[in-house]
Amino acid sequence: MPELAISADKVAFIIEKAREFDVKESGSDPDSGSNPSDDDEIDVLEDNNSDPVAAELAGFIRALNEDEQLDLVTLMWLGRGDGDVDEWDDLRARAVEARSEYKSPRRKTVQYLLGEPMLGDLLADGMDELGIDWSDERTTPVG
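Quick note on the UniProt record's numbering: the sequence shown kicks off at 1 and runs consecutively.
Pairs of lysine to aspartate or glutamate, EDC-like flavour, derived with a Cα cap of 16 Å:
no.	residue 1	residue 2
1	Lys-10	Glu-56
2	Lys-10	Asp-121
3	Lys-10	Asp-133
4	Lys-10	Asp-67
5	Lys-10	Glu-68
6	Lys-10	Glu-66
7	Lys-103	Glu-66
8	Lys-108	Glu-97
9	Lys-108	Glu-66
10	Lys-108	Asp-67
11	Lys-108	Glu-68
Simulated restraints on C-beta separations:
no.	residue 1	residue 2	range
12	Gly-131	Ser-100	27 to 33 Å
13	Asp-89	Asp-128	18 to 24 Å
14	Gly-59	Glu-87	29 to 35 Å
15	Asp-133	Ser-104	32 to 38 Å
Hints are computed from structural coordinates only; laboratory data are not their basis. Think of the CB as a built atom: it goes at the ideal place given N, C-alpha and C, for glycine as much as any other residue.
Please model the entire structure based on the sequences and the hints provided.
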């Protein structure tokens with residue numbers, strides 16, 4: 001069983017925020033009301049360039065150290081089915097190799113992870129594959 005550089009609490013926070021980000025959709029309400037109550041508050045689910053959830057998630061992932069970011073990518077791949085628990089070391093080596101090709105590894109890693117549809121579910125599946133309890137009942141940020 002691999003020992004993760006990133007804590008289960010940090011992964012749980014990322015899962016929660018990624019799921020919030022994943023439920024956003026592009027402009028589905030072109031006839032927006034003058035205020036949220038006129039609009040049945042539907043605009044909160046729209047994805048736009050000033051999304052505070054995306055900014056918070058990106059900032060959190062960017063602040064992780066290199067090993068934590070590598071574990072996140074590897075967890076995502078594990079959850080996506082790119083390998084199994086016995087192949088963890090190989091998957092992580094692939095993540096190290098991919099990262100070494102980036103000119104700006106922190107920024108590119110954030111872009112890569114946030115560009116993955118269903119990131120939260122894939123990370124949760126990866127944690128489940130490893131048998132790590134990450135509890136999706138979080139309501140407070142990790143400090």
